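Read top to bottom, the protein sequences are chains B, H, X and C. Take the first sequence: its position 55, counted from the start at 1, is 54 in numbering that gives the first Met the number 0, and no numbers get skipped. Take the second sequence: its position 173, counted from the start at 1, is 172 in numbering that gives the first Met the number 0, and no numbers get skipped. Take the third sequence: its position 244, counted from the start at 1, is 243 in numbering that gives the first Met the number 0, and no numbers get skipped. Take the fourth sequence: its position 208, counted from the start at 1, is 207 in numbering that gives the first Met the number 0, and no numbers get skipped.
Think of the hints as simulated: they come from the structure by calculation, not from any bench.
Over the 12 Å line for every Cβ pair with chain C, so calculated as not near, a few chain B residues:
{"id": "1", "residue": "82"}
{"id": "2", "residue": "113"}
{"id": "3", "residue": "133"}
{"id": "4", "residue": "151"}
{"id": "5", "residue": "156"}
{"id": "6", "residue": "202"}
{"id": "7", "residue": "233"}
{"id": "8", "residue": "236"}
Going by beta-carbon spacing under 8 Å, a handful of chain X positions derived as facing chain H:
{"id": "9", "residue": "0"}
{"id": "10", "residue": "223"}
{"id": "11", "residue": "227"}
As the structure is a computational prediction, the values presented were derived from the model and not from experiment. Every residue gets a Cβ at the ideal spot worked out from N, C-alpha and C, and that includes glycine.
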Amino acid sequence: MSMLNLELPGLTLKNPIMPASGCFGFGKEYAEFYDLSKLGAIMIKATTLEPRYGNPTPRVTETPGGMLNAIGLQNPGLDAVLTEHLPWLEQFDVPIIANVAGSTVEEYVEVARKISAAPNVEALELNISCPNVRHGGIAFGTDPSIAAELTKSVKSVSEVPVYVKLSPNVTRIVDMAKAIEAAGADGLTMINTLIGMRFHMHNAQPILANRTGGLSGPAIKPVALRMIYEVSQSVNIPIIGMGGIETADDVIEFMYAGASAVAVGTANFIDPYVCPNLIEALPERLKKLGFSHISECRGLSWKNSK
Amino acid sequence: MSMLNLELPGLTLKNPIMPASGCFGFGKEYAEFYDLSKLGAIMIKATTLEPRYGNPTPRVTETPGGMLNAIGLQNPGLDAVLTEHLPWLEQFDVPIIANVAGSTVEEYVEVARKISAAPNVEALELNISCPNVRHGGIAFGTDPSIAAELTKSVKSVSEVPVYVKLSPNVTRIVDMAKAIEAAGADGLTMINTLIGMRFHMHNAQPILANRTGGLSGPAIKPVALRMIYEVSQSVNIPIIGMGGIETADDVIEFMYAGASAVAVGTANFIDPYVCPNLIEALPERLKKLGFSHISECRGLSWKNSK
Amino acid sequence: MAIKELMRIVQHNEIAENIFRLTVQGKLTKQVHEPGRFLHVKVSEGTTPLLRRPISIYDVDHEKKELTMIYRVEGQGTKLLSTRRVNEKLDILGPLGKGFPVEKAVPGEEALLIGGGIGVPPLYNLAKQLVKKGVKVTVILGFQTESVSILKEEFEKFGDVYLATVDGTIGTKGFVTDVIQMMGIKPDITYACGPKPMLKALKEQLPNERLYISLEERMGCGVGACLACVCKVPNDLTGYKKVCSDGPVFQAEEVVL
Amino acid sequence: MAIKELMRIVQHNEIAENIFRLTVQGKLTKQVHEPGRFLHVKVSEGTTPLLRRPISIYDVDHEKKELTMIYRVEGQGTKLLSTRRVNEKLDILGPLGKGFPVEKAVPGEEALLIGGGIGVPPLYNLAKQLVKKGVKVTVILGFQTESVSILKEEFEKFGDVYLATVDGTIGTKGFVTDVIQMMGIKPDITYACGPKPMLKALKEQLPNERLYISLEERMGCGVGACLACVCKVPNDLTGYKKVCSDGPVFQAEEVVL
Ligand SMILES: Cc1cc2nc3c(=O)[nH]c(=O)nc-3n(C[C@H](O)[C@H](O)[C@H](O)COP(=O)(O)OP(=O)(O)OC[C@H]3O[C@@H](n4cnc5c(N)ncnc54)[C@H](O)[C@@H]3O)c2cc1C
Ligand SMILES: Cc1cc2nc3c(=O)[nH]c(=O)nc-3n(C[C@H](O)[C@H](O)[C@H](O)COP(=O)(O)OP(=O)(O)OC[C@H]3O[C@@H](n4cnc5c(N)ncnc54)[C@H](O)[C@@H]3O)c2cc1C
Ligand SMILES: Cc1cc2nc3c(=O)[nH]c(=O)nc-3n(C[C@H](O)[C@H](O)[C@H](O)COP(=O)(O)O)c2cc1C
Ligand SMILES: Cc1cc2nc3c(=O)[nH]c(=O)nc-3n(C[C@H](O)[C@H](O)[C@H](O)COP(=O)(O)O)c2cc1C
Ligand code: FES
Ligand code: FES
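Just need the whole structure built from these sequences, with the hints factored in.
Have a look at this one:
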């Protein structure tokens, strides 16, 4: 009997491990390394209505224990995702979570409506860290009422459950989560990247062409854990946790904090086999810790102390 | 001629390097390692009106590239600081920046009034990350108007310039900085720690007795740099930068971002000699990069690009 | 005075399951006299783990300028330490803290030394110094099980050695406190190092005035500046002692366990 | 197919100022055929630096199962790499990317190989394969200054070698483009690897159709998934190529520099 299978809104997962959006493209590259059907799910790269080139290079740089990226929503656009990438992924027995992005509520709605109808898309993940062109470029994800409005609009057109991806760059993450839950979200994914910068020694300029970038990797793990701990106690929808996960112990730590499943981002770049390795390592580690199923770990940090 | 001397409101600095508050006690321990007169300044441990024991232990734990602390404002109280610690520091030729903390505006004001009158205190640093008991424990530093009110009150009683220490745990750091500048602050120090958590594998409980702790060290450097970059372009008061500084290159990177001087926290724990080592290493590094004085580095990242 | 030195590893080997003996050489050795002080060891060359690891001094050889530590692999830090090889340099800050007061024992008196688990090693140099001074030494060592029991032969040079293991695989089955009772040991002075429950039990069982205990606490700086490692003191709500600089060895009455 | 392997270091030494030659052994070698592909090397054992470092394959020895790289110490990552010692294991992902198309050169044709700085090494195995195929090889190597000029003797085995240095300390004073002009070289096919300004100049000077250039870009994944390393393509605002998987070698016409 599997120790790892899980049910989440819209998702029947063989295991709680999925690659995080933007860190796995549309799966093709990693399919060279292993059978994608092993994965719990796949969060595909953010999709916008039209194709986008994204930011100029350099798009990545490093920081202690982390990396900064400013890819900038480069993607082939909704049509290509619907006609090429999603159909290609149908060969695998794995649910797809489609990461939806846009510059306006209308764009999100349009992408959500069409992509949620794809046969292998079992859930949407709303990337609300995108700049909102109607509100002076301030991210949708930094204001609870704007995020709630967006959630409601997308929810009203989506054919599959909607998960909203929280940005950690806010004062009160719990307020964001509650507003999004109230707006009808089926789940949360968290955290997206922290905003950071690095500068060149020789010319004092920002290393990234976009100047700022998103900090990911082990460096942000404690921030992700704290936010998941707070949010999971304040909402009744499940959380897919992410931020610096590299090891089976990291996975379990995120579950303790309150996540129901996890996503792995940056670690794929360091080890392309990280996801199947985690899936393989988890049962033994769980047994050693005295669990008979991964779901027993969920929220144990706060369930115990009550 | 020195390449490192600087003038900031209230402060004549031999060099831009000072230990950060809470990472250097009141200087006694590090005086065993070197002459404290070498330092640009010393930011002493947060002082409250009454003595405080702080949080239960464990008070520290580690994260990739960083550490979490939940010391909890342990300090001997204003009277002991005024009668013991500050007089002891008078033997050194170094300006003291007194870190002021409290649970109410009144407590801050009382501490600020008395400590600012001490002969070797040349500036105050308002620690606004403390929980505000009148506002349900939400930190003073997460609301621009509360932070501004606090700044104004302290400013009205302080005999020395007032620097306000910004918390990074906010959605819009620039709004905070502008409100605090408008309230009369003479300078800013940034950043305080990010809030984070870690959990024990064997019992799922938070490792820190206080559950959450403040993330410091190299892991937060890119976040500090980004915030200093944004704030330094939006205000006209100087910034003392901090967050993961370990090397001379880190110091220069913070200057490029927009800091006028820097503070070193966690790195003291790893190398007690880090501050004098940085002071010694900086001139050569600056020369190699083509600078004749450290102040030339300040804000070069955005001055250049305009 | 504490100094920071890149000390050369001259010996490094596993002496029991996951327990390593590490000898380093350098001029820091000159500063080491009192037993029970500790070294703050940088185990990584990078930033993870970030902080140093406190490890007690097991023994010192002033002639060879060598310091020996004995440590157990617990987590990431000590695991990394165990991979460091002979002739590599190790960044060490020390000696730190206040050790066992040898001067409190009078020649001819009977001293009892009690070690639990990885708390055993710092008692070694203490025993050596006490015996040299003419103090009679009895040693009780407590372990979980035989495979991790260490240093029995080493201590037998100095006096009677009793063993206790939780599972009874070697020595008395039970705790060190059981041995004290069973053997009816009535020491003039006691020095102990081990897990907090053991120290608590000893504090209840033995007269506190001449009981010296070595505490452990998670540390930041190791030098008394960051207040990470405090413990409470009796009858003072805001008072405290710092394990790293006021301790790790305290007179039992000084601290609340 | 790319694999990930802990490869054993069999040789590692400094061959010029800050330039190292590193040979590793393992079964990954079997996958290496086309010249100009690269390895993605994990330089730290911890989390800093976090990402792998792309290093081109200099040469391959299928019999000994050995791969050689030549790299320059640039920053933190390559500095750390330079401290790794013989017999240690190195975590390597590869071979990655698309290399130089040997098949585009016809036996008897004249191929020009142009390397700039640390772009020189990947041309070595290319030259070897071209010569073996019966293609005539001419090599131009450009460097900043003599102390960092490398591999001249190695390339002389394959054909004429011209040197250019910016400061004139060895070879022609100036750039590789100056050498082409001075010598009136008219190659049938050209392969180049070096800094972007050099590649740009070549793209203007030489017929693009049979000019193959190897690009560098900061990488995340190295396998085509993260879109860190893209470059623009002509006449398509949202189109792009990925240096790590569509390249690093491109036909000059395919990409906008
Ligand atoms: C004064 C003193 C002397 C010590 N002497 C010895 C000795 O001689 N031999 C020996 O094997 N061990 C000794 N220890 C315990 C040793 O410091 C820890 O086992 C070690 O720090 C664990 O680090 P880790 O990274 O392997 O474990 P992790 O559990 O991964 O460490 C995580 C964090 O917790 C801290 N930590 C974990 N366990 C302890 C502990 N018991 N005490 C203090 N901090 C801890 C670590 O320093 C680190 O910051 C001593 C501790 C103290 C305070
Ligand atoms: C396909 C390819 C093949 C290469 N082959 C070789 C080779 O054979 N020999 C050699 O010496 N160098 C080669 N390089 C360059 C080498 O990858 C960089 O010098 C190295 O990554 C620098 O890392 P660092 O940590 O020392 O420097 P840092 O400047 O500290 O690196 C910071 C970041 O920038 C990236 N970076 C820095 N310089 C470059 C660069 N030129 N190209 C791509 N990323 C860079 C690093 O990977 C890292 O992420 C190649 C690069 C690419 C893309
Ligand atoms: C290169 C890169 C690209 C990313 N692109 C996206 C994206 O398109 N949409 C999104 O929601 N998150 C994106 N993210 C964020 C990740 O999905 C994830 O939330 C974050 O990196 C934290 O997880 P990690 O530390 O495991 O990488 C990206 C992250 C990286 C590193
Ligand atoms: C153990 C510890 C105690 C601290 N105590 C205080 C404090 O009392 N007051 C304060 O304003 N900041 C305090 N800080 C925050 C530091 O001053 C500094 O802002 C932060 O650690 C970031 O710098 P660093 O990464 O160099 O440590 C403390 C930090 C640490 C690690
Ligand atoms: S560890 Fe810093 S005070 Fe003890
Ligand atoms: S490095 Fe990730 S796509 Fe090229």
